[in-house]
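Please build the complete structure, drawing on both the sequences and the hints.
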Amino acid sequence: MTVFVTRRLIVSFFIVLASTALMYVLVAVSDNPLKDLLEYNGPGRADRIAARTRALHLDVPIPGRYVLWLQDVGRCVVPGGHDCTLGLDRSSRPVLPQLQTAIGSTLRLVVAATVLALLIGIVTGIVTALRQYSTFDYGITFVAFLCFSLPVFWVSTLLKQYIAIDLNNWLANPTMSYAALFAIALIAGVLWAVVIGGQWRTRWIVFGVAALATFTTLFVLLTTDWFTSPSIGVVGILVIGVVMAFLWAALFAGLRPRTRRVLWTSIAAAVLGTIAIVLAQPLMDGMNWLTFFLVALVLIGIGVATGLVGGGYVKRLAAQVGAVTGVTMTVLMAIDQMLAAYPFVYQQTGGRPIPTTGASTPNLDGNFWQTNTDVALHLVLPTLAIMLISFASYTRYTRASMLDVLNQDYVRTARAKGLNERTVLVRHSFRNALIPLATLVAFDFAGVLGGAVVTETVFGWSGMGLLFQTGLKNVDPNPVMAFFLVTAIATVVFNLLADIAYAYLDPRIRLS
Amino acid sequence: MSTDDGLRSESVSEETPLPVESERIEAQMHRLISADTDVLGVETASADIPVAARSSARTVMMRFFRHKAAMGGLIVLAFIVILVFSSVGIGPIPGWWHQDYRVPQPLYNGGHPTLQLWPFSLGKHPFGQDDIGRDYFALVMTGAQQSIIIAFLVGFVGSAIGTIIGAVAGYFRGWTESVLMRLTDVVITIPLVAIAAVVAKIAQDWGGVWALGLFIGLVTWTGLARIVRGEFLSLREKEFVDAARSIGVPSGRIIFRHILPNTVGVIIVSATLAMSAAILLESALSFLGFGVQPPNTSLGQLIESYRAAMGPRPWLFWWPGLFIVAIALAINFIGDGLRDAFDPRQNRQKA
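Residue numbers (the UniProt record's numbering), protein chains in the order written: chain X, 1 to 512; chain U, 1 to 351.
One thing to keep in mind: the hints can contain errors.
Derived coverage of chain X by chain U (criterion: at least 3 residues anywhere in the stretch with Cβ under 8 Å from a Cβ of chain U; other residues may be distant) [said to hold, decoys possible]:
#1 17 to 27
#2 145 to 152
#3 255 to 267
#4 445 to 455
#5 481 to 490
If we take Cβ atoms under 7 Å as the criterion, some of the chain X residues that face chain U in the derived model are [to be verified]:
#6 S30
#7 T157
#8 Q161
I should point out that these hints are in silico values taken from the structure, not numbers from a laboratory. Quick caveat, the model's predicted, so the values are computed rather than measured. The C-beta atom is built at its ideal place from N, Cα and C for all residues, glycine as well.
What follows is the structure, given as structure tokens:
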């Protein structure tokens, strides 16, 4: 294992070295870096040319410049090194501070989009695999192909023009006509009926229940003015938490008498978690990332502890499900706090809560939750745009790999020896279907990091995409190389992680 | 393809053990080699057998033609290509649409599209006019033409390079493989948008969409190279390759005449999907300002120039986008149909 990682790291080092060299040379020869100054006729022309020549080392041939750039990078690697700048851009400003501000917003965007796309993609992929050749399967297949064929900047502009503006208008005055309510309820009903499938009788029942539930929920939310001052409150946390705990237990442990204890400990974890959240209320106003992680750890710990104490002979499983319940409670707490912060953000953004440009509202001056709500609202549209494309590939991939696993002999054996469908699907098929996905996600993450260039441009984020784009336009290699260094290292590291994860998940593979 | 391999290995195993004088061996060698050059002839020969087995090419075609989505994609793509190339003409050859995309005209009906679906009529400016009165139908058609040319060029160049590199690496192994695969690793580390933007900027000096397509093709071969190498690694161990090698067929010939025809499935599928990716890549690059430069036009460049006009003249934004989506979707469906058709495990016909 150590030998494998070391060897891979050494090989990766040389690969990154070679690809940076290739990229540096390509950028450097792409155009004349003094083009604009040579056409400039104002005063101080010679001084400016001299200054830029000094900043970019234009008096050195290109291979020499690359070595100089490597020295600049080396200063950042050597411990205790000074002058860590990653080189100067053409206006003689160091690149590193620019990269530091840029990388945060880009990573936020890419991580949010990847995680969401992964969750939704895996779930729909599995459902389409289980309902192969159904209406839902064909529908999702078509949607996936459509997403593959969408130019991301075109979609982003459409989202800005239609979703953002109309949604903002609606949020300013959240009312709905009865016709719209009925239409949404009908659509929701049809969707659920198609997803769950089965006999015609089941479908009609599902349709009716889903439509009615959607209608009632929306009606209650609208009449109580929920959309202008949303909240879920302690009661909401408790109810949703218990329901989710029930679902997790049903999914991971089943509801048979043998594992009934898991159900009880999981529900207990939800109730205890709610109590802990109530007790933690004084912390909420002055919260920062450290206290947030501490509270999250406490909530997960409560889940694990309840599982271990009350789990009996299934205590391991109970602890695992308890941990998942703990994570759920953390998410619920965060959602509750962020919803409570929404009116403040709404007012601060001048009644246009879903912004179309930038990564955060300048001079917001709110507490932890208010700032994060603002950031999350800024993430909505770009994440949606990036998600559409990743989602399509994750869905297709999960579906293919799930179908592959479901047709294996051992799955038939598992069914033949009388295991129930839940165990076959969750414990035997799903875990193995996820293995090939690990490679894809690792590879895709680095790709999305590069692809975010386009999305950032549409939404006016000053992230790494802007660094790259202006750098390349101005034939200014150092900012471009800073962008590129990050993506190259990310690619190499994520591929290594994928290989390690692969070996960890699939015992047939030995790293040597 | 499998039929001719089978035939060849059969004749080899039948005839090599015979203890005969050198002249007969010589004569047989000539026969074998001539049979080998005659790869295409094998299919007609098998058609003469009374109960002819379906050749694999025919099986693939039948499967493909039964794939409804792929056929739909093929029809849509053919329609778009014919429309795009016949309306404004190709190069010096004039088309049936006589308005020039460069000439501003007085605004007709506020520049709104005059296209009517029922009863069908094109009107004066079917896709409307842009803000200075140029005919948008001619603009979109010209742009789509450029985008399609770039896509095909990228698909072709990228697939050719990927195939050759993968084939050579997989066949020769050893240091050739190490060098070529490390080169692939190096290029794969660079995000595609980034390296494509850089080479597109270099291509600007060379001018035109042809240079752009060629240059982008030079950086999009990595995925196929890996796939083809994998195929070659397994195929080079097969008996028919041993047989060919034992009678002294040169390496180049083994690669291109013996092994490559067996990998044609993955190559065609990958080339098709590369074309749809290239349409999107080209439009993204033009959008970022590194792709097609004015006065040339492409679908991505049209979207970029009229992005600000989205509010007052939404059709300037919709038409090029819809063309990109339609072309990419059609090619994707064709690629999916081809993949199913080439997949030997796929016995069931699905829609």
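Practice problem: For the hint on Q161 (chain X), just tell me whether its beta-carbon gets within less than 7 Å of chain U. | Solution: holds (5 Å)
Practice problem: Take the region 145 to 152 of chain X, compare each residue's beta carbon with every beta carbon of chain U, and decide whether three or more fall closer than 8 Å. | Solution: Holds, because 7 residues of the region 145 to 152 of chain X bring their Cβ atoms closer than 8 Å to Cβ atoms of chain U.
Quiz item: Do three or more residues from the region 17 to 27 of chain X put their C-beta atoms closer than 8 Å to C-beta atoms of chain U?
Solution: holds (count 6)
Practice problem: Report holds or violated for chain U covering the region 481 to 490 of chain X, Cβ cut-off 8 Å, minimum 3 residues. | Solution: holds (count 4)
Quiz item: Measuring from the C-beta of S30 (chain X) to each C-beta in chain U, is the shortest one below 7 Å?
Solution: It holds, given that the least Cβ distance between S30 (chain X) and chain U is near 4 Å, below 7 Å.
Quiz item: Per the CB criterion, is T157 (chain X) less than 7 Å away from chain U?
Solution: Holds - the Cβ of T157 (chain X) comes within 7 Å of chain U, reaching about 6 Å at its closest.
Self-check item: Coverage assertion for the region 445 to 455 of chain X with respect to chain U, Cβ distance below 8 Å, three residues required
Solution: holds (count 7)
Self-check item: Whether chain U covers the region 255 to 267 of chain X (at least 3 residues having a Cβ closer than 8 Å to its Cβ atoms)
Solution: violated (count 0)
Hint compliance for this structure: hint 3 alone is broken.
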